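Undergrad: So you can see what is in the structure, the chains are spelled out below.
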Amino acid sequence: MSPNAVPPAPEFALAVTGLGKQFTLHVQGGVVLPVLSGMNLEVAPGECVALNGPSGAGKSSLLRLVYGNYRAQKGSIRVRHRGQVVDVATATPQKILELRRHTLGYVSQFLRVIPRVPAIDVVAEPARAVGMSLAEAEHRAERLLSRLRIPERLWSLPPATFSGGEQQRINLARGFVVDFPVLLLDEPTAALDADNRRTVMALIAEAKGRGAALLGIFHDAEVREAVADRVIAMRPPAMAA
Amino acid sequence: MMAATPLLQVRGLTRRYGARIGCRDVSFDLWPGEVLGIVGESGSGKTTLLKCLSAQLEPDAGQVVYATRDEGPRDIFALSEPRRRLLMRTDWGIVHQHPVEGLRMGVSAGANVGERLMAVGARNYGRIRASALDWLGRVEIARDRIDDMPRTFSGGMLQRLQIARNLVSSPRLVFMDEPTGSLDVSVQARLLDLLHGLVADLGLSVVVVTHDLAVARLLAHRLMVMRAGSVVEEGLTDQVLDDPQHAYTQLLVASILHP
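These protein sequence lines map, in sequence, to chains A and B. Number 151 in my numbering belongs to position 163 of the first sequence; there are no gaps in the numbering. Each number in my numbering corresponds to the 1-based position in the second sequence with 12 added.
Just chain B, same shape as in the assembly (with noise of 0.2 Å):
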């Protein structure tokens, strides 16, 4: 996992809405292969966060430096728009809550994991519907649905053919926001051991929010807990978890419902 730079450097972000804090003064450095989760309640800013990680979003302040493949570190909002919009559909993954806001929802299931290959380049018809189909199987998606609308998909099938169109271009770096937060708990366990046999299988270099605190321990090697827009104590997962500093993370933790 250690490699000599960090994908990612973060200094001293801060993005306000007006008066109000929407994320403050946040920095980290994420490694090659590490998946960092951000957790806190609602209105924390970690959705703030990570929609200005992933460029969705400009800081008011502070630097995302990313380690691009062929010019090194480059802070991402100094660079030209048409830059960093390839930068978002090759390098990165954005895997959103609602499936449909990283979807198409207009065009095929194999369209939708095909599109993101022709973004990167691919012509060839069958190759890139081999790799839809490879990709779909990957997601446990059955391959005669790959013709299919994905109105037609459940919400669970959904959400894994958005994780499909992300990574068909081969991402170093995904976002995603509360994964499995718009799915039934009984889809929930399938989507994160798929998760996490994807992200240890590829390598990936993850940064997930979630509110989930079950979420994070099974996915993220490193958390960082959010709240009014700080971070207020980052650290191993499960020290984070079993041996809380702060007494909101305190809070957090002894919040949590045992069945």
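Extracted from the complex, chain A is given alone in its bound form (with noise of 0.2 Å):
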């Protein structure tokens, strides 16, 4: 190689740009709150990058926008997905449902869960969508839980009256079971102990290696400086006139 040879840049899993996102309150007289606006990043596989900034800068936002769960309104983002480019700001309900059940997976601070299903069903669902057998399925539930101190006689009881650090736990085995070449991070290790918050920076690590690209909002500093490759520093937009 020679010495001016500039190494090929890696392909990036999600790129997002020129993002631009407000809300308008219509309830209350049109009230326009910008969220963001020229937002640019890139995330390669096998990269986690954190982002940082003040509450109110737009980090969750920008997660759900990746997520499709907020709509867009500049810009662009695109994730590979399958050999194929996605752009979630254009993309169609259909596909990015798709996009969600092979190659995004999201961990969101609250779980949201169907009132009777047991905790160790709503773990294993994802890998069921994703075509796994029940038994395989089952058995990464059962992995992620006991290796999130989940006891085993919560597994089969529904997790709506579980503690808030338990839901959490629920949340974040449901975002792992499934290996998705694309994960989204809020928070998640909030309300976690230091056993767990290990358990969680192993499993962010293990994903690293497999090629996973992550983008991620973590609030405890230890955690942030352990697990991320690059911190993307973001800050509330101006308010409109």
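It is worth saying that the hints were derived from the structure and are not from the lab. Keep in mind it's a predicted model, so treat the numbers as computed, not measured. Backbone N, C-alpha and C fix where the C-beta goes; we use that ideal spot for every residue, glycine too. It is possible that part of the hints are untrue.
What the hints assert, rightly or not - Some chain A residues close to chain B (C-beta under 8 Å, calculated; not the full set):
(1) ASN57
(2) PRO81
(3) LEU85
(4) LEU87
Both chains are given apart, each in its own frame, so use the hints to dock them into the complex.
TA: Listed below in structure tokens is the structure:
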């Protein structure tokens, strides 16, 4: 290799370009709340990028935009999905659901569950949805629940009555039960004790090791420094005049 | 979920009641395995729309094109009456808000389920009864209730029986009108969980009308929001509910009480 050769840029797993988002609150007389403007970022396979900044900087909104939960007004959100590139900002609902099933994992801060479904099924569900056998999906779910220290007696109970920390760990197990190529993490360690925090750091390291691209918000500086390859600073947008 | 053609293609569907608008110029595609929620308040036209889609009411304008098993896409209102009736009995299910509208109250629970099978040609009594028993079990009705009359059932059991009666013939498309609307809150969760599981396991395509946004979030992949007969917003369910764009959707979402 000649000394001037530039190594090829790694192909992105996720690329956000010129992303703009604002909320128009019709119920409050049409007040416009700017959230993001001109946002750019790329995450490569095997890389973990942390979003950092004060509350109101749009960190969680950015994750929701990438997941297709919020609608983008400007720009593109390109995700590499089974050999193609899909722009979440313009994809059909059917395509976004396919993306979420196979490519995009999202660990949110809140667990939304169906009233009577046992924790083990809540965790195994994403694995079933990508076509894993019941036995394999349950095996993976059990392994994650054990690693995240959810006592076995809780596995058959619906998580609605679990503590905040237990619910967060159910959410984490759901996010890691499938080897998603792109994983979005919103404060994944906020309600966890030191042992479980270490488990989450290990899960993130393993995901990077298999080539996943991770984009996350880590309030805890120790976790952030341990898992993030890069930190992107965000600040609240200027209020519209 | 993606197949080459939609199961249902609806174009410009309009229905008036005299000068009053029931629903106006509604168009959408429904794909195999997809659950579409239609939300809105009373009088928004969602039930009129559902009745037109399911051939219970004839529209004044527009088309409902259904991908039939043997003849490909056909406008359901261009089919002969017997063909349309057969479709409704075999390929489709209709779950009414009030179970008494969808059940025969004068015959036993088992007969209510078995009747649909006989409509599609089943004649072997033993097999029909076995199938009815299986379906009662799947909707969590005790097997020893098979010979009981529906009037001895609770509201939640009646609704589950109506669901069994609809699903026993393996329909591809099910229409549901406020399926939890007539039930006590404590019974709703059980029915929702049951419906959610059955829809996913059977890969059903569903159009479900509800005024309850929590029901819509739980069951539907996609939502259409109706107001005064028109669709004002549509999209992925969680997008519509978490980032509503239209003033009316924002008002609906903002009006939910969180206990």
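Undergrad: Does the structure break any of the earlier hints, and which numbers would those be?
TA: Checked against the structure, the only hint that fails is number 4, while the rest are satisfied.
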